[in-house]
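Quick note: the sequence shown uses the working numbering, first residue 207, plus one each step.
Each statement offered as a hint is correct.
If you anchor each label on the Cβ, the simulated ranges turn out as follows: (1) R341 to A279: 15 to 25 angstroms; (2) E410 to P482: 46 to 56 angstroms; (3) I915 to K707: 31 to 41 angstroms.
Capping the alpha-carbon separation at 25 angstroms, the derived lysine-lysine pairs in DSS-like fashion look like this: (4) K722 to K691; (5) K538 to K499; (6) K228 to K246; (7) K571 to K489; (8) K691 to K643; (9) K722 to K707; (10) K616 to K691; (11) K832 to K884; (12) K282 to K386; (13) K327 to K411; (14) K832 to K867; (15) K492 to K434; (16) K755 to K932; (17) K616 to K589; (18) K707 to K692; (19) K691 to K620; (20) K739 to K624; (21) K583 to K483; (22) K707 to K643; (23) K707 to K624; (24) K628 to K739; (25) K492 to K565; (26) K692 to K643; (27) K434 to K483; (28) K492 to K571; (29) K867 to K833; (30) K228 to K258.
Hints were generated in silico from the structure; no laboratory data involved.
Glycine residues also receive a C-beta, built at the ideal position from the N, C-alpha and C atoms.
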Amino acid sequence: MALPFLPGTSPSKQMGKERFHKSQHFDYSNGVPMLVGSEKPGIGGELLVGQKIKPEHSVYPKGQGSDLPSWVAFDKQVLCFEAYFQEAVPEARDETYRIRKCNIYFYLEDDTIQVVEPECKNSGIPQGTLIRRHRIPLPPPNDDQFYNIFHFNINQQMVLNSRTFCVTNCDMFTKNFLTKLGVRLNDPTTVPADPYSNFREQTEKSMNPLRPYERRDTLKQFLDYDRKVLRFYCFWDDTGNMFGDRRELILHYFLADDTIEIREVSSPNCGRDYVPKFLRRSKLPKHAPAQMKQPGEITDRTVLNVLSSESQGARYILDSLKTGSVHEAFYKDCDLTVGGEVNVFGRRVIIADCDDFTKDYYRSKYGIEDFTPVQYKAPAAPKPPRLVPPYNGFGSEEDSLSSCQGLLPKPPQKDFHKFMEKDRCGLESNVLNFHAKMVTTDPVDGERAFNISFYLCDDSISVFERPQRNSGVLGGKFLERSRVKKPGQELFKSEPSEYFKAQDLYVGATLCLHNKNFQLLDADDYTLNYMEKHAEEFPKANVGHILSKLRSIPEERQSEIRRFLTLSDPSNTGFIPYESLRGLLMGLDCRLSEHEVLVLGRHFSEREQPEVDVGLMLAVAQDFLKKKQFEELPDMARAFAYHDQHKTGRLSAKELRTICKAFRLPLPENLLRGLLSKFADGDEIDYHALLAGINWLENPAPPVMPEDILKFDVNPRFDVGMAALKNINYSALLGDLFSFPSNNGDPTTATST
207 MALPFLPGTS PSKQMGKERF HKSQHFDYSN GVPMLVGSEK PGIGGELLVG
257 QKIKPEHSVY PKGQGSDLPS WVAFDKQVLC FEAYFQEAVP EARDETYRIR
307 KCNIYFYLED DTIQVVEPEC KNSGIPQGTL IRRHRIPLPP PNDDQFYNIF
357 HFNINQQMVL NSRTFCVTNC DMFTKNFLTK LGVRLNDPTT VPADPYSNFR
407 EQTEKSMNPL RPYERRDTLK QFLDYDRKVL RFYCFWDDTG NMFGDRRELI
457 LHYFLADDTI EIREVSSPNC GRDYVPKFLR RSKLPKHAPA QMKQPGEITD
507 RTVLNVLSSE SQGARYILDS LKTGSVHEAF YKDCDLTVGG EVNVFGRRVI
557 IADCDDFTKD YYRSKYGIED FTPVQYKAPA APKPPRLVPP YNGFGSEEDS
607 LSSCQGLLPK PPQKDFHKFM EKDRCGLESN VLNFHAKMVT TDPVDGERAF
657 NISFYLCDDS ISVFERPQRN SGVLGGKFLE RSRVKKPGQE LFKSEPSEYF
707 KAQDLYVGAT LCLHNKNFQL LDADDYTLNY MEKHAEEFPK ANVGHILSKL
757 RSIPEERQSE IRRFLTLSDP SNTGFIPYES LRGLLMGLDC RLSEHEVLVL
807 GRHFSEREQP EVDVGLMLAV AQDFLKKKQF EELPDMARAF AYHDQHKTGR
857 LSAKELRTIC KAFRLPLPEN LLRGLLSKFA DGDEIDYHAL LAGINWLENP
907 APPVMPEDIL KFDVNPRFDV GMAALKNINY SALLGDLFSF PSNNGDPTTA
957 TST
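Sequences and hints are given; from them, build the entire structure.
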């Protein structure tokens with residue numbers, strides 16, 4: 207039921223309205239009061255009764271979400287129409303009117319129009335821009351409006367600035383644009399013929415010039431072949447003359463203008479003056495003339511003396527029949543072939559070879575495939591061997607060799623590419639670490655423990671002795687980082703000495719470092735993984751090479767291996783201890799080193815990561831933070847909340863690690879990695895629980911023992927955090943080794959098999 211139309215009961219139109227400004231409609235113009243704002247709206251921008259706002263532009267671009275401005279959407283988009291207009295010529299005798307063609311350009315960004323007339327040669331009429339770019343009003347009585355896009359069509363007349371234009375056609379972009387707007391285009395029409403223009407064309411065609419003008423177009427050849435030169439290697443045999451010899455030449459053929467240039471190659475100590483050009487760049491005639499022509503003797507055309515008198519003057523005309531013209535043949539690219547001859551003003555030059563660009567040019571243009579060079583030079587004498595004096599003992603061998611290579615010794619060059627590839631990069635240290643002991647009969651030295659590091663970037667070795675309690679030997683640096691020569695080499699010799707390489711280091715190997723023998727007992731996990739990853743460089747870590755060694759052993763030993771592996775698993779679990787496999791392979795003398803057995807066990811092992819208590823990890827982490835006086839945990843919490851855009855309380859492990867590195871959280875890398883893995887739920891981590899666990903100020907953990915802290919040392923070396931080898935899947939080993947799995951049911955059956 208509608209409310210009655212009474213004061214206080216009807217809704218007000220002014221409710222919610224915020225703008226109440228009033229437009230100015232009246233003003234003084236030249237001292238006369240008059241209406242100047244007929245198109246302005248009423249109070250608050252509302253339209254007056256019967257008022258319609260005229261759009262500023264004819265086409266409004268439609269955008270996604272909000273309309274784009276026309277000057278952005280229609281930038282550099284112009285509609286082009288072909289048109290003509292008829293102009294009267296009242297004072298001419300030969301013509302009464304002329305048809306002038308023009309192009310009408312409509313700019314979509316601001317509805318401006320420009321009319322341009324293409325220039326016509328020898329028209330005598332000022333042409334170019336007839337109407338500059340601006341908005342053109344409609345003819346009266348609608349002169350208060352302007353032309354827009356909907357006023358244009360084909361085969362219609364338009365009045366632009368009191369001049370009538372007839373639109374005949376438009377381009378394809380204009381047709382597609384108008385069609386999408388829903389405009390039905392008319393059929394294109396033709397431009398009427400201009401009688402006087404047709405008369406002038408017929409007159410020009412019937413004219414025969416008295417002086418025929420010949421034009422030789424060489425611009426296309428120049429633009430196509432500029433800076434493209436054919437190069438031939440030639441020689442001129444001048445041994446028939448006194449003191450003559452064979453001269454080596456280089457012939458350049460310039461494709462841009464068919465000219466030839468010949469340069470002479472002067473060998474060192476040839477006894478001749480250096481002349482850079484044997485023939486300057488010019489066209490080379492095929493037949494060398496017996497006598498040089500005088501200037502003006504060779505002309506392209508003959509000038510005929512038609513009339514010569516003192517009263518009427520001289521009259522001359524060119525001979526169109528070219529009587530007496532001299533045609534001289536010059537060398538072209540088709541005349542130059544490998545093995546051919548070139549007559550250079552009486553000198554017989556033979557083409558011996560050419561470069562790759564010349565071969566490709568002749569192969570693509572003429573289809574020539576035979577470019578067999580002509581042998582004209584004796585083979586070069588082999589260089590005598592350069593004997594290197596033996597090492598004198600001063601400095602390194604590389605430094606002494608540099609003093610023999612030049613008067614000014616230079617420092618020896620290092621392998622920079624190898625250094626850039628194998629240098630430390632992030633977590634990739636590119637350092638092989640081994641645990642070793644000294645091979646000696648001294649019981650004190652036999653108990654010493656060493657860590658041997660091999661740096662892959664420069665093949666250097668360093669030895670560090672681990673300190674041991676109550677051993678009586680101080681630990682520390684045992685050998686400075688340097689390259690170490692292999693033992694058993696002569697000191698004063700000419701050949702360079704051999705140094706230890708990465709392939710010489712493996713578990714079980716014995717190294718002699720400066721007359722001290724070291725046996726490599728074990729390697730860290732990174733070293734083993736690196737050697738197995740680059741198995742093509744390390745044969746001792748190549749599983750395929752190890753299996754091929756086992757396949758090559760005699761049949762009776764293979765049967766013994768099957769029998770032992772089957773009997774070592776009475777419970778038919780398919781796994782045996784690693785020590786049993788190691789004892790078997792080392793006892794049978796299968797020509798396998800300790801490192802190869804270790805790699806084989808790692809390949810077929812059941813690797814178990816030792817579990818670490820989360821409480822112990824948090825206690826150790828709090829101990830590290832407490833010793834470093836790290837109190838920026840509230841700032842880290844705010845950083846975690848800032849990166850958590852969805853406010854879920856979880857972040858990815860990558861983002862969490864990045865923030866911890868940004869705050870320089872003083873925790874060892876393995877401890878931080880273990881904490882992130884413990885608090886991870888899929889790919890995300892609950893950072894609130896992690897911060898609460900390591901907050902040593904609000905949630906202090908019980909103290910930890912020193913041996914617990916050593917488990918999470920900053921630089922773990924051996925047996926710390928490394929997956930231990932326990933059980934070996936011997937079923938998979940037998941399957942890969944003997945191409946069939948073992949029979950766990952009966953040992954005798956496996957043996958007989």
